[in-house]
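Engineer: Chain residues, written in single-letter form:
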Amino acid sequence: MFKKTLMLAIAVTIFAELANGQVRYWNSNRGKQLPEAEVRISHGLLPLTYDFEFLDFHWDLQTPSVTDQYYGLQTYRGNLYSTGALSMGHSIKVAKWLEMGATLSYVGSFRNIYASETNEIIDRETSRSFFFTPTLRFAWFNREWVRMYSSVGLGVGLMIKHPCNQSNGNSSEPYIEWGPSIQLTGFGISVGKRLFWFSEVQTIGTLGVFTMGVGLRVVPDKRRWQR
Amino acid sequence: MKARNFIFMMLVAITANSCILEDGDRVPKKTEAGRHIWDITTQVISNNLFAADLTLKLDLWMSALEEEKNQIEDRFFPDNKIRYSAGVWNLTGTPIYIYPDDKSIHTPGAKWKILFAEPSFEYHPLPSFHLLIECTGELTWRVSNYDNEGYNENMNLDLDLTGRRVETPTSAAGYIYTVAGEGDYIPFGYSTTESLIISYTISSEMTFYPQTYGYYSSKYIYRPYSGDCSLTVNDSRNSAINDKILVEILSGSPTRIVYNITYKGVTETWD
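Protein chains in written order, with my numbering: chain A, 1 to 227; chain B, 228 to 498.
In isolation and in its complexed conformation, chain A is listed as follows (with noise of 0.2 Å):
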């Protein structure tokens, strides 16, 4: 399954990078201009990752050991917080509709583990999760400070996590998982020109269910490339 999913990402970024070359290969040969280009960079909420709680669900429920509640009584679990999403994207106008481009983000969540006894903090759970997203954005509405867009990305992500064994308040040892990074926006909106603001509802996936960000666009100059 991963290795089908990195065929698939490395296909796309080949295919983005093709058709990036293809468009510079004809601008260049018609001497005209460069192609249309933005870099993002956004903060998503609850970005999907790869420590979903179901996956550590127990069906047969069962009633955990007198050791295991003893030991879990010892410690206890602060607050999950995450970052968010934080991305950074680079994308470039293939045509008036569609823009090609891949995006790196960096998800992290964390706890503190406390001692019952203490009230102190004897540990930390954490997780770092990186993606590499290529996405094709389809503008559907395209004005000259207003576009209306959806996207769709595919690639693959790595999750670093760092558990914490309660049942025995040690430190488990830290893993990595791979998976593959998804991201589905049905609804974007840019605002603005050079300097836009953006913000994606609709969403599901790596990038989180709500994105917003800013960017900026370079348009080049006509008069310029054609003198």
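Since the hints were derived computationally from the structure, they do not count as laboratory data. Please note that the accuracy of each hint is not assured.
Have a look at the derived ranges for each label pair, beta carbon to beta carbon [claimed, not checked]:
{"#": "1", "chain 1": "A", "residue 1": "121", "chain 2": "B", "residue 2": "373", "range": "24 to 30 Å"}
{"#": "2", "chain 1": "A", "residue 1": "152", "chain 2": "B", "residue 2": "348", "range": "48 to 54 Å"}
{"#": "3", "chain 1": "B", "residue 1": "491", "chain 2": "A", "residue 2": "187", "range": "55 to 61 Å"}
{"#": "4", "chain 1": "B", "residue 1": "492", "chain 2": "A", "residue 2": "152", "range": "58 to 64 Å"}
{"#": "5", "chain 1": "A", "residue 1": "172", "chain 2": "B", "residue 2": "301", "range": "55 to 61 Å"}
{"#": "6", "chain 1": "B", "residue 1": "355", "chain 2": "A", "residue 2": "202", "range": "57 to 63 Å"}
{"#": "7", "chain 1": "B", "residue 1": "409", "chain 2": "A", "residue 2": "63", "range": "25 to 31 Å"}
Even for Gly, the Cβ is constructed at its ideal location relative to N, Cα and C.
Since the structure of chain A is provided, determine the placement of chain B on it from the hints.
Structural biologist: Below, chain B without anything else, positioned relative to chain A:
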């Protein structure tokens, strides 16, 4: 300006809340782990007292006048019939077998055995175990385990009991017990991965009263209403574990038991 501040604060609040994915655990009291061990230990002591009480009630029935037997049977064994076969008494519908000797267990020197042949999970986990009950004087008995069969492999006990008859005619329990002695056990439950070894010493005599549970007064457990108990927790997988727990019962009644738990140097009151 006020509207802008309001929007800013709302944004901050929403963002801050959104970053908490999951609330933390309830903060346990400092002595909660010690209290948990005490709860389990009272169950173990209660199981043994319940077994002893069945034996003594059977003897009361056997020693009763013929015209009183039905009344005693209805009170003490309302859910079962008492059957005798090949020197063993059985409460029908239960895996409980009582082996009397030729003397009443209310007679000094008498030794009876009781066997719980199968585990039960009706109220709290009750393992299969074997007990020896020896009458040491007037209304005093010693309870101990006599072999390593069943759960006895994981349990040792040596308790001295002093009994006082339960006068309430609606209660199926036979006696209120004042207990002294010591024991140790590996917890019994649904899990097979227990590594704790819990030792207890009843330093100041504890009085255990029967409390009914469920809808019928025929089912009861024993709960301590007074006395002190010290416990030690060891772990067969971690020799560094040697936790001390001290329990002091401040007051007890059918509705409320107040007690102090001292665990790792901290004393807290529970009820």
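Engineer: Decide, hint by hint, whether the structure agrees.
Structural biologist: Taking the hints in turn, this is what the structure says about them:
1. A C-beta distance of roughly 50 Å is found between residue 121 of chain A and residue 373 of chain B, which places it outside the suggested range of 24 to 30 Å.
2. One distance hint, 48 to 54 Å for the beta-carbon pair residue 152 of chain A and residue 348 of chain B, holds here, with the actual separation near 53 Å.
3. At about 56 Å, the beta-carbon gap between residue 491 of chain B and residue 187 of chain A stays in the expected band of 55 to 61 Å.
4. Checked against the hint of 58 to 64 Å, the C-beta distance between residue 492 of chain B and residue 152 of chain A comes to roughly 60 Å, which is consistent with it.
5. Between residue 172 of chain A and residue 301 of chain B the beta carbon distance is about 57 Å. The supplied range of 55 to 61 Å therefore holds.
6. The given range of 57 to 63 Å is respected by residue 355 of chain B and residue 202 of chain A, whose C-beta atoms sit roughly 60 Å from each other.
7. Between residue 409 of chain B and residue 63 of chain A the beta carbons are some 28 Å apart, a value that agrees with the proposed interval 25 to 31 Å.
Hint check: a violation occurs at hint 1 only; the rest are consistent with the structure.
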